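Q: Turn these sequences into a full structure, and let the hints steer you where they fit.
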Amino acid sequence: MDLPRRSELDALFLDAGNTLIAMDSTLVCEVLASEGVAVTPPAFERAEAASRPALSAFLHAGVTSESRGTFTFHVRAILGHLGVSGDLDALAHRLVVTVKTTVATQRLWSRVLPGVPEALAAFRAAGLRLIVVSNSDGTVEQGLTDAGLRPLLDAVVDSAVVGVEKPAPGIFEAALRIANVPPRRVLHVGDLWAADVVGARGVGLHAVLLDPYDDWHDVDCARVADLSALARQLLGPTS
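Numbering follows our numbering, with no gaps: position 151 of the sequence shown is 157.
Check before you lean on any hint, since a few could be wrong.
To be verified - Calculated pairs, SDA-like style, for lysine to any residue (alpha carbon to alpha carbon, straight line, at most 20 Å):
1) 106 / 95
2) 106 / 43
3) 106 / 96
4) 106 / 72
These are computed hints drawn from the structure, not numbers from a lab.
On a predicted model such as this, the values are computed, not experimentally measured, just so you know.
A: Right under this line is the structure:
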């Protein structure tokens with residue numbers, strides 16, 4: 007499916023995790039090493055991206071994205087893509103306990119993805135309103151501030167603050183009230199079909215799925231590799 011043209015848009019809604027920021031892969035690899043799993047950051051990043059279709063299917067069953075069980079499922083899927091052997095359920099559980107008890111959310115999700123600041127600046131210069139719409143635990147705005155991205159954004163809508171998670175309409179409706187634009191004039195950008203594409207379409211928004219390694223097959227939506235690629239497609243090759 008095609009993206010809308012720039013002239014058809016007044017605002018971008020943006021997921022946070024794996025859209026603007028990602029897990030600190032070096033930190034995660036250190037945690038994995040403590041469990042005897044030797045992984046390089048690039049290998050972890052590739053496996054994490056490959057795990058997203060399975061995570062999306064898990065979420066599509068109606069579970070909350072912010073539960074420990076969901077995080078454990080995600081970690082187990084990543085371990086599978088890394089080719090780790092043994093009891094992956096037990097290993098994933100231990101890793102999640104370690105991370106949840108020793109690492110703050112905004113520290114774990116602190117790696118600014120390549121090209122993101124430049125893409126956000128280009129979108130702002132083109133007159134688009136930029137609003138983050140994120141399933142989080144109440145810390146996403148502080149995390150984006152710590153990462154240096156908050157000044158490039160007009161607003162941040164955190165599911166823990168508004169009390170409803172993607173794909174439910176309420177979180178998008180909260181962002182629409184802030185943006186004060188019609189849904190048909192908004193493009194939502196995210197990394198999970200079940201949360202981002204389904205949720206955005208449910209309130210009449212356009213949607214695009216980030217797919218850096220071409221892992222998503224048979225999805226009925228536009229796909230781009232990353233935010234830089236989206237900026238080039240919407241704004242032209244000089245952005």
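Q: Each of the hints needs a verdict: does it hold here or not?
A: Taking the hints in turn, this is what the structure says about them:
1. About 16 Å separates the Cα atoms of residue 106 and residue 95, which keeps this hinted pair within 20 Å; it holds.
2. In summary, the hint linking residue 106 to residue 43 is supported, as the alpha carbons are separated by about 19 Å, within the 20 Å threshold.
3. The suggested pairing of residue 106 with residue 96 holds, with an alpha-carbon distance near 15 Å, which does not exceed 20 Å.
4. Under the criterion of a C-alpha separation no larger than 20 Å, the hint pairing residue 106 with residue 72 is consistent with the structure, at around 12 Å.
Hint violations for this structure: none, all hints satisfied.
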